[in-house]
Amino acid sequence: MAENPMEQFEVFKIGPSLLLNGTNVSLTNSSLFMIISVFLIILFFALGTRKLNIIPGKIQVLNELVFDFISKMINDTAGLDAKPYFSFILTLFLFILSLNMVGLFPYSFTVTSQIIVTFALATIIFIGVTIVGFIKNGVGFLKIFVPSGIPVFLLPLIIVIEIISYLSRPISLSVRLFANMLAGHTMLKVFGGFVVALGIYVGWLPLSFSIALIALEILVAFLQAYVFAVLSCIYLNDALHMHH
Amino acid sequence: MKKILVVALFLLSISQGTYAKEGMPQLNPEFWIAQIFWLIITFFLLFFLIQKFFTPKILFTIEQRKNLISNLIKDSEDYKNKISVLENEYNQIITQAKKQAIDESLLLKVELNKRINEKKKKLADQLNIETEKVEKEIDDFKKKTLDNLPEIAGNFSTEIIEKIIGAKPNASNLKAIISEITDQEKKSRYV
Chain A
44 MAENPMEQFE VFKIGPSLLL NGTNVSLTNS SLFMIISVFL IILFFALGTR KLNIIPGKIQ
104 VLNELVFDFI SKMINDTAGL DAKPYFSFIL TLFLFILSLN MVGLFPYSFT VTSQIIVTFA
164 LATIIFIGVT IVGFIKNGVG FLKIFVPSGI PVFLLPLIIV IEIISYLSRP ISLSVRLFAN
224 MLAGHTMLKV FGGFVVALGI YVGWLPLSFS IALIALEILV AFLQAYVFAV LSCIYLNDAL
284 HMHH
Chain B
12 MKKILVVALF LLSISQGTYA KEGMPQLNPE FWIAQIFWLI ITFFLLFFLI QKFFTPKILF
72 TIEQRKNLIS NLIKDSEDYK NKISVLENEY NQIITQAKKQ AIDESLLLKV ELNKRINEKK
132 KKLADQLNIE TEKVEKEIDD FKKKTLDNLP EIAGNFSTEI IEKIIGAKPN ASNLKAIISE
192 ITDQEKKSRY V
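First to last, the sequence lines map onto chains A and B.
Quick note on my numbering: the first sequence kicks off at 44 and runs consecutively.
Quick note on my numbering: the second sequence kicks off at 12 and runs consecutively.
Only chain B is shown next, with the shape it has when bound in the complex:
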């Protein structure tokens, strides 16, 4: 019911009210001159302000920015060129240094090998001398030990026998026995 009422009201408004006043107010010449007058005043005032104040300011700023950007681009290109020159120099220096380092390391290696060999030889000679010396000392010591052995064995046997029987044995007999055993031992070892 409400919907029908609304549609009816709508149709009524269209048929009676909407186009009650006919014609275009724009075609009424009453204020034409006044509108042209104010149009010219406002339009040319705006034109004057834009032409005189705003355009120069903004164009100057835009121009300044363009100059700054072009200068920065030029500077950056200069720097780029300088960097490429420096990079080339750096690469050349690095290549030369590498080459030099390789040559020097080869020379050093040869020198080092030579020195090592010399040292090795020297050490081997020293070692031989020392070995011979030590071997001689060992032999001398062995010989000396064998020479002293009857005396040591005599003293030791005297002490043992004295402890067992409670009296000192005859030293000359003991010495003879030990000397005989030692001779036999020497013969069995060195023959």
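Pulled out of the complex, with its shape left as it was, chain A reads as follows:
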């Protein structure tokens, strides 16, 4: 009997129970892979910055490439005013990328396929951007809900639409990442099941699909991390520059 493709997304406790003010915050398989991902990123930077040279080594080049990539992305989407948020966007991008990539290894766990994780991340962005908006523009930040050049009689309707649009940002941001990772890994599992079920004679067909899917998933893993970071930058840009 083939396995349930959704089984891979089950979260379970690892080790002893951990309670914080009566709330269960035990270490789970999801938490473990978050720690592993963070460890890999720290290792990547630790190796790259161990011996910094004017003429960089291989890992230092990779470090600097990532820095350059994120720096350009922030400059293109949010401008120079967003420079102080560079470390945050870099952390966000690398964290999601690492979670996505680690999830592609067999017998690992894809943390970003958990809606609560992506939603929590999107909420952090949403709250952070809103706070930045209010700090930068004061109460004037509320003008973001009032587009310019709109007839007065349409304003009540438009403001409601804008508020709903603004509040739906964390939902769209989180569901996009979650759905992409969920769909990709479910497909991989289903095709993997076909390979086993069809055996050696016909199994090569789903196997070749699986290989192509893995390549696609690597692309999606990178792309979704990038999209998440770019959209965060765009939201930050709205808060910093108030286009409406």
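Hints in this document: simulated from the structure, not taken from any laboratory.
Quantities reported herein were computed from a predicted structural model and do not represent experimental measurements.
By construction, the Cβ of each residue, glycine as well, lies at the ideal position given by its N, Cα and C atoms.
Heads up, some of the hints might be wrong.
Cut-off 27 angstroms, straight-line C-alpha distance, at most; resulting in silico cross-link-like pairs (DSSO-like, lysine-lysine) [claimed, not checked]: (1) B:K186 to B:K174; (2) A:K94 to B:K63; (3) B:K131 to B:K120; (4) B:K63 to A:K115; (5) A:K94 to B:K77.
Which residues of chain A face chain B? A partial, calculated answer using Cβ under 7 angstroms [unchecked claim]: (6) F52; (7) V68; (8) T71; (9) S73; (10) I78; (11) F88; (12) I97; (13) N106; (14) F110; (15) S130; (16) T134; (17) F138; (18) Q157; (19) I158.
Once you've looked at the hints, dock chain B against the given chain A.
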């Protein structure tokens, strides 16, 4: 037969096993708080480390490299300017030197021609004097030879005749004969 069996097994697995457990485990709220807790801890720990340690280090290195490169570019531009100034000076010096060399070579050529002509004239004069001298010597020698010729011819004829006939001929007769022949010869040559 085997293929049919495999397809049958595949269809059986789809109909019975694949979707046996329905629902999305992600929607089970049992570990939501735990996941949010660990997410916040890991994410902000990473953010702290990147913000505090890695970003300053890497940005400092990048900045240092940029400064070094801009300094090197500035230095190279300075050197380039200096080189162009030196090149202009060098070209000016070369042009002046060429001009000077041409002028001097022209002067030298004129001077040299003058000296050569003087030498030629001097040599021609010397040659004329020497030629005249040699010609005079030749004439004197010829004259002297012709004057001595009767005596030489007399001695020679005496020896020959003595060898032929075994007795010395009369010297005065011989001298007269030779003198007559020599006079005739002189007359035939110089008349």
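To see whether the hints hold, each was checked on the structure:
1. B:K186 to B:K174: The hint holds at about 18 angstroms.
2. A:K94 to B:K63: holds (17 angstroms)
3. B:K131 to B:K120: Status holds; Cα separation ~16 angstroms.
4. B:K63 to A:K115: holds (21 angstroms)
5. A:K94 to B:K77: With Cα atoms ~18 angstroms apart, K94 (chain A) and K77 (chain B) stay inside 27 angstroms; holds.
6. F52: holds (5 angstroms)
7. V68: holds (4 angstroms)
8. T71: For T71 (chain A), the interface hint holds, since the closest Cβ of chain B sits about 5 angstroms away, which is under 7 angstroms.
9. S73: Hint holds; S73 (chain A) Cβ to chain B Cβ min 5 angstroms, cut 7 angstroms.
10. I78: holds (6 angstroms)
11. F88: holds (4 angstroms)
12. I97: Result: holds, 5 angstroms to nearest chain B Cβ.
13. N106: holds (6 angstroms)
14. F110: holds (6 angstroms)
15. S130: With a closest approach of 4 angstroms, the S130 (chain A) hint holds.
16. T134: holds (4 angstroms)
17. F138: holds (6 angstroms)
18. Q157: holds (5 angstroms)
19. I158: OK, holds: I158 (chain A) within 7 angstroms of chain B, min 5 angstroms.
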